[in-house]
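Starting from the structure of chain A, add chain B where the hints point.
As you go down the protein sequences, you meet chains A and B in turn.
Going by the numbering used here, the first sequence opens with residue 206, and the numbers climb by one from there.
Going by the numbering used here, the second sequence opens with residue 206, and the numbers climb by one from there.
Hints are computed from structural coordinates only; laboratory data are not their basis.
Since the model is a prediction, treat every value here as computed from it, not as a measurement.
Among the clues, some could well be false.
Derived Cβ-Cβ restraints for the label pairs, each shown as a range [unchecked claim]:
| no. | chain 1 | residue 1 | chain 2 | residue 2 | range |
| --- | --- | --- | --- | --- | --- |
| 1 | B | Asp-540 | A | Arg-275 | 20 to 30 Å |
| 2 | B | Glu-462 | A | Asp-530 | 49 to 59 Å |
| 3 | B | Arg-484 | A | Arg-275 | 46 to 56 Å |
C-beta atoms are modelled at their ideal positions from N, C-alpha and C, and glycine is treated no differently.
There are 2 protein chains.
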Amino acid sequence: MSFEENVRKVIPYVPGEQPNRPNMIKLNTNECPYPPSPRVEEALQNLDADRMRLYPDPTASELVNALAARYQVNPDQVFVGVGSDDVLAMSFLTFFNSEKPVLFPDITYSFYDVWADLFRIPYQTCPLREDFTICGEDYLRPNGGIVIPNPNAPTGLLEPVDNLECIIAANPDSVVIIDEAYVDFDGESVLPLVDQYENLLVVQTFSKSRAMAGARIGFAIGQPKLIAYLNDVKFSFNSYTMSHVSLAAGKAAVEDETYFQEITARIVRTRERAKEELRTLGFSFPDSKANFIFATHERMGAKEIFDRLRERDIYVRYFNKPRIDDYLRITVGTDEQMEALFAALREILL
Amino acid sequence: MSFEENVRKVIPYVPGEQPNRPNMIKLNTNECPYPPSPRVEEALQNLDADRMRLYPDPTASELVNALAARYQVNPDQVFVGVGSDDVLAMSFLTFFNSEKPVLFPDITYSFYDVWADLFRIPYQTCPLREDFTICGEDYLRPNGGIVIPNPNAPTGLLEPVDNLECIIAANPDSVVIIDEAYVDFDGESVLPLVDQYENLLVVQTFSKSRAMAGARIGFAIGQPKLIAYLNDVKFSFNSYTMSHVSLAAGKAAVEDETYFQEITARIVRTRERAKEELRTLGFSFPDSKANFIFATHERMGAKEIFDRLRERDIYVRYFNKPRIDDYLRITVGTDEQMEALFAALREILL
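In isolation and in its complexed conformation, chain A is listed as follows (with noise of 0.2 Å):
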């Protein structure tokens, strides 16, 4: 017998490979190819380091306060963390303490069936159609919680909010997490019914549409109840998830609302044009609202592009497994990191 023994062995979650070479193009990890609000830079000039030898405020109010003026609802209604992974977790491990399954669909973000091994959660997932939409009716079997990304990743398939809603109003037994790290790329949000159901929980994040991926910032609104939940277990957890950086950086980059606008909708235009590129290069996929497009290739695999994308150091996402091994993840980025992109593409397609 050793301590070994006694050890929480896992298959952890493999994060998208971070290369960090001059010139490479980087289209991999659905980061934001444009810099954060000029008041994050703004307000991280201005930190004063004298008070990082100071707690930072525990409730974060500073932040929360933020995020409820911007989305209209009280402060007692969100919470904050270390990205939306550190929300999700935290939510997994709060409400998902069912001895029946976790729903989620058989294709999407990586992590669910992480987390949920992590902390023993009995899962099930719940195949998309054959054009990767969701079918509604899987999620009516009895669950011990449901959590369905929308735009969903990797496909990038928004479901339209009354289907989402069948599911909230159909499981009042049940949270349902409807994780919209994606959702700011003209999607709609679910965030109207938060009113109305108090089993739903949207959880958004800082790192996509708000350019802040390096600076760890995540969010979920719902009703009091749920979010006094989750602060409890967090505060269980760690009672100083967020850094005063981070409380100032992301109070600075949420209260600059034309630039969000401004920089989202670049990114919905430079989709669409990347779509009608792609179609001619022989490419098809669902149509995406977030900020990357899952393609395949009427002739070549995916794997071989993404192979020969790489040798040139442009950077997607491949995902070697069922159902999607012949998809590409591509990430939106400028206008010049596209052009570049459809370069290379030419090259190797035609």
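The following block gives chain B in isolation, referenced to the frame of chain A:
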């Protein structure tokens, strides 16, 4: 039935209050009274806001390498997290999965039982002796893990390394965590034992001796096998816990050894002077090796002194708990802050 039946209900840790009043004297959460190293300020000033759009290095190598160099271990022996609370929470989740109880002192950091409850880990507390020292034999019974803070909090007592080594050596089948949050104030670390004992994990923090409570950085050092298990769980929880800012600021702090030695020595000098003064005022206390003094008064109750200090905008910590409800935990501040405290105590007591 309702979703609430599946909520993980916990009694969360209540952090010390974080008042923010002009001219207050804050001696209640063991923060450092001096600012972080000037190199930290420099690192903050030099931050490239544009990099914020990219995910940080998930392996945190910049900070891990700096810590490895400072503590003369290999990078694969270092784990970093969002404060030592995050590191400890992950360690509980990773290593304490036995049906046998985890052991820790009855008077200790009040988060240990909170984590145990959160993760449903059975535990037993081992009573400290009357003089607050640890009774080593208590840790020789069958257990699922051990966690001991050294110096202990809130007593401030340092247990000799030899005593801890007996416990570590006697428990090869358990991971033994030595929580050294307060070791840098003239304490002796068990770090030199790490190469010898594969079941030893040493946890430290930037919150006290490096004056960076607001930056949220903690770390663990152990043999590569332990660190790998810990990283697996961490990567199953949140791939990117450390922001760009934490990595850069943490590295800058670790690299300024001179400043670190200077401020910790200054706090030790102030502490030793404070002991004399408190004794004169009728207090007694275990001989602290931490950045706080855990004191009881010969006449006046601790709660009363606490309240009267508070009226004067001087904040210390009072724990309404068995065995220690007549003690105050007083953080060692600057000499000026301590003089103000003594003046107030003279008014209150004499």
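Here is what the structure says about each hint:
1. B/Asp-540 / A/Arg-275: 20 to 30 Å: 45 Å, violated
2. B/Glu-462 / A/Asp-530: 49 to 59 Å: 50 Å, holds
3. B/Arg-484 / A/Arg-275: 46 to 56 Å: 55 Å, holds
Of the numbered hints listed earlier, the single one contradicted by the structure is hint 1.
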